[in-house]
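Protein sequence lines correspond, in order, to chains R and L.
Residue 54 in the numbering used here sits at position 54 of the first sequence, with consecutive numbering throughout.
Residue 529 in the numbering used here sits at position 267 of the second sequence, with consecutive numbering throughout.
Careful: at least some of the hints might be erroneous.
As the list claims (entries may be wrong) - Derived BS3-like pairs (lysine-lysine); straight-line CA-CA distance at most 27 Å:
#1 K79/R / K134/R
#2 K316/L / K113/R
#3 K134/R / K342/L
#4 K450/L / K35/R
Unchecked claim - Here are some of the chain R residues that sit facing chain L, going by a computed Cβ distance under 7 Å:
#5 A57
#6 Y85
#7 G91
#8 K118
#9 F132
#10 L140
#11 R219
#12 F243
To be verified - Derived DEER-like restraints, expressed as beta-carbon distance ranges:
#13 E241/R / M444/L: 51 to 57 Å
#14 K543/L / G168/R: 29 to 35 Å
#15 A267/L / L235/R: 58 to 64 Å
Quick caveat, the hints were computed from the structure, so don't treat them as lab data.
All C-beta atoms in this analysis are idealised placements derived from N, C-alpha and C, irrespective of residue type, glycine included.
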Amino acid sequence: MTAAPVIKARGLNLTFQTNDGPVHALKDIDLDIEKGDFVSFIGPSGCGKTTFLRCIAALETPTGGELSVNGMSAEEARKARSYGYVFQAAGLYPWRTIAGNVKLPLEIMGYTKDEQAKRVEKVLSLVDLEGFGKKFPWQLSGGMQQRASIARALAFDAEILLMDEPFGALDEIVRDKLNEELLKLWSATNKTIGFVTHSIPEAVYLSTKIVVMSPRPGRIHEVIESTLPRGPRPLDIRDSEEFLQIAHRVREGLRAGHAYDE
Amino acid sequence: MKMVAPVLTVLAAIILLWYGATVWLNSQWTYDQAARAGQEVSFSEVVVDTMNQKRPVLPAPHQVAEGLWQGVFGQKFTSKRSLVFHGWITLSATLAGFALGTGLGILLAVGITHSRAMDLSVMPWAIASQTIPILAIAPMVIVVLASLGITGLLPKAIIAAYLSFFPVLVGMVKGLRAPDHMQLDLLKTYNASQGATFWKLRLPSSMPYLFASLKVGVAASLVGTIVAELPAGATRGLGARLLSGSYYGQTVQIWSALFAAAALAAILVVVVGIIEQITLKRMGMVR
């Protein structure tokens, strides 16, 4: 059982019917994500990286092929609440405090009040937001809001964390810090993470596996296994020869996949 | 304090214009009276006379003010000549109608946002209902209900509800649909039920929209009540005051009742506004 991949896609296809005719968003996607992997999806817009993540989350329905999540279909996995999802915008409810926002999934999933309070405290400290529970979202910076939304996705025991460009709207300094924290959090929780980004350094810094995608039709161009050590990595690893080599390979992959055309 | 000067300036301008109009509109009667008596009147005498006629075409501001003062403080609140008495009659029907209309509006909005069939079937009728002049509908409702033995507050409240449910319905449909795709997707990832989505996301999101429509609704409700008081020859309520004033040419009474109604509407809107402030502040939606 331990050898079975957490996420397994075989010949996955998704075609959207639009007024301008069918759009092939995903074409013949084959991918295995093992337990505890940190997998980044990188590629230009229109390459289907977000669509693929949404398929895993059962927010989109593939039109062909096979996809299993935790040994179930994606839809069953969603109903079993197998994953936490972090969107590009924090999307906190303005009428709830930070603690109230983190509590939201717990309320919906029927945790007891005691358990809710305990978990909120735990995950808020995990994302370095102790003491901010009683604040309202507008009282926090964008980076802190995004951390709160990560805490919200961690509050229940999902083993998979799906993140759709979670730091895309933040400035680079905040992004660096959150990247570092995310790696620590990942090693502390041993979750499997799927991470969509369009930043090469971010993808290389975070991942154990980098999936380079290309557009029209959206497909996987190359899967690069990172040789960087697993677990927390210091930020200045990005200046190392090894890091630059991997980044170069990713860039080459993107170029070969015609990401830089047009 | 910066606000006071412009507000007072506009108020002064309105009063000045009003006095001008008073002289212009009422002078004909003064001239006619003088001509009948075979007298000459000077302009200053005309001006003085137009300010104090018993049944002026347009009462002067001070006459209306006095009429209002007399109506409110000049007699016991229970007197049939008290504006407080009539105001209360109108207010109680307004509030009952407002509550009815708000409840109906919210219920229909919930139905419309959750059922495609209701969206298609109810919305056109709701819009059509507002295109029928209330003056045409009100007498029929009053007469039909009276034949069933229902009189007093309820028929008026129904007319008021008829006018006030619509803004609440439209505002709530927009409010309940305010959450964007991302917020709905988020709840989908939690496998949240429709009920949870409604209580935890849709309803709180709709609050600002609800209060905006409640302000329109409460004013519409007052208009509905006053209109409902006109046709049945009612003897109680601000509408009845307007009607009896026009029967007997008591223009001062009409204008006093009008101003009382306007003040009542202003108070109602302000009260809704205060409740809005408190609610949104409690929800953390006001900074």
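Here's how the hints hold up against the structure:
1. K79/R / K134/R: Outside the cut-off at roughly 31 Å; violated.
2. K316/L / K113/R: At roughly 72 Å apart (the allowed maximum being 27 Å), K113/R and K316/L break the hint.
3. K134/R / K342/L: violated (55 Å)
4. K450/L / K35/R: holds (24 Å)
5. A57: holds (6 Å)
6. Y85: Holds. Min distance 4 Å.
7. G91: Given a least distance of 5 Å, the restraint on G91/R holds.
8. K118: violated (19 Å)
9. F132: Violated, because the Cβ-Cβ distance from F132/R to chain L comes to roughly 14 Å (cut-off 7 Å).
10. L140: violated (12 Å)
11. R219: Cβ of R219/R sits 24 Å from chain L, so the hint is violated.
12. F243: This hint is violated: F243/R lies away from chain L, its Cβ roughly 33 Å from the closest one there, beyond 7 Å.
13. E241/R / M444/L: 51 to 57 Å: Check failed, 40 Å falls outside 51 to 57 Å.
14. K543/L / G168/R: 29 to 35 Å: With a Cβ separation near 33 Å, K543/L and G168/R satisfy 29 to 35 Å, so the hint holds.
15. A267/L / L235/R: 58 to 64 Å: holds (59 Å)
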